[in-house]
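Chain B: place on chain A using the hints.
2 protein chains.
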Amino acid sequence: MMEKGTYSYKIEPRDVDFTLRASLVSMCDYILQAAGDDADNNNFGVRDLNCEGCSWVLLRMGVEIFRRLEQYEEFTVRTWVNDVNRMMTTRNMVVCDSRGETVAAAITQWAIIDIEKRRAVDVTARADFSHVVRNEPSPIAVPLRIFAFEPETTQMRTVVYSDIDFNRHVGSVKYVGWMYDMLPEEIVMYKEIARFDINFIHEARLGQVLRIGMSNGDSSMFEICSGNGQPVCRAVMSWKESGLK
Amino acid sequence: MMEKGTYSYKIEPRDVDFTLRASLVSMCDYILQAAGDDADNNNFGVRDLNCEGCSWVLLRMGVEIFRRLEQYEEFTVRTWVNDVNRMMTTRNMVVCDSRGETVAAAITQWAIIDIEKRRAVDVTARADFSHVVRNEPSPIAVPLRIFAFEPETTQMRTVVYSDIDFNRHVGSVKYVGWMYDMLPEEIVMYKEIARFDINFIHEARLGQVLRIGMSNGDSSMFEICSGNGQPVCRAVMSWKESGLK
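Going down the list, the sequences are from chains A and B.
The numbers in this note's numbering rise by one with no breaks, and the one at position 129 of the first sequence is 140.
The numbers in this note's numbering rise by one with no breaks, and the one at position 138 of the second sequence is 149.
Treat the hints as calculated values from the structure; they're not laboratory data.
Do not rely on the hints blindly, as some may be mistaken.
Note that identical chains are pooled: a pair holds if it fits in a single copy or bridges any two copies.
As a list, the in silico DSS-like pairs of lysine-lysine whose alpha-carbon atoms are at most 27 Å apart [stated by the list, open to error]:
(1) K15 with K251
(2) K251 with K21
(3) K128 with K15
(4) K21 with K128
(5) K185 with K202
(6) K251 with K128
(7) K128 with K185
(8) K15 with K202
(9) K185 with K21
(10) K251 with K202
Bear in mind the structure is a predicted one, so any value in this text is a computation, not a measurement.
Next comes chain A alone, as it looks inside the complex:
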């Protein structure tokens, strides 16, 4: 059983919003960066898979934010894999501030795709991941499986250059930003994110026109679809009172 990987980062000015605290998008960025750094250190990172014509893709993610980090705060992300099967691996993250307090936690599920065929391959056939599996439970509940719903408001969006990542599709975290930017002011100003769940269903590529649908109740639901109605991803944001702004 390997030791958990621990990675240190700092909240830079580009990571904060107008409250001078890390945005949900930047926390997702660091969580995924830690996943990439740890996979690299264990020789099954994107670079290693690329050599075999494969890449990691994120299927589902759940993130809980207990306290939003402030600008210039240093923090660590501890990450470990606790499940591997043919379909996917489960990777966990615990984010701690410099006093060792847990400020966020995440659970992510990943598949391996064949880059040319854009199709999932057997994770266990790529390599023997069993030696990296750590028998420690996930810090938060598994990512929600999110079903279709009838959105109250919709917005159209064309996929542009800066949306596209190294996998030549819209980067996972881009969707998070689009969703957050659609929220009404009364949520952005007076609520804090408690938990965020997202399911990635189909890829979106450069130039595609997408429809972002949203419904706000106790939580905010999102569905992004392509022109023919095919779902690209769905997400739920659960709120708590902020009392801050």
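Chain B in isolation, oriented as in the chain A frame:
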């Protein structure tokens, strides 16, 4: 005379585009991050100015890219101030790869504003910056002063939550991304950025509707205006052939 500050960074997966090389936006991010890190280390960073109700704002920037860094490449940004007057300071950057080759260079001009009044204040009155001025010439030509022009194509854009930075206005680098995303495919696919100049004229705030105008010739010109036609910023991108994609 102080030693130049040198800051080390790495091109992360979130910094690259579909060519697996650092985007112009991410290079601007790192260049400005080095500026912030160096100002902090010299006790005249945003945090220090905030204590006096002030903040740095970027007026103009010129960036030349000689080679686009690849994903995971480590690099350094050396930065120094070589001019301070009542209106602004001039800060330079040289970006080197791990072999010590210069891959990019930048020149930036900064003013100090009173946060409440949103008005420029005398830079030299804030503190004695003279001890940080290094008598070493800028690595590239001063930022172009860019004049109004009649754009060929325009696009409207509403300022959303994630556009807003710690200064409570649209972050400098956001504009760069918006402009790049408007470029026609024949430029994005077959040209490389050689030089980028940008002038910041007025702030843009949350909810404002902006018009982005563009004209493409030997170089690409951009002007972003608010609803009443007041210019927010103007930029020029100069191209070289890529031969890469």
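Structure-based check of each hint:
no. : hint           : in the structure
1   : K15 with K251  : neither (31 Å within a copy, 46 Å between copies)
2   : K251 with K21  : within (25 Å within a copy, 36 Å between copies)
3   : K128 with K15  : neither (33 Å within a copy, 50 Å between copies)
4   : K21 with K128  : neither (38 Å within a copy, 31 Å between copies)
5   : K185 with K202 : both (21 Å within a copy, 25 Å between copies)
6   : K251 with K128 : neither (42 Å within a copy, 34 Å between copies)
7   : K128 with K185 : within (23 Å within a copy, 34 Å between copies)
8   : K15 with K202  : neither (33 Å within a copy, 43 Å between copies)
9   : K185 with K21  : both (21 Å within a copy, 21 Å between copies)
10  : K251 with K202 : within (6 Å within a copy, 47 Å between copies)
The structure does not agree with the numbered hints 1, 3, 4, 6 and 8 stated previously, though it agrees with the rest.
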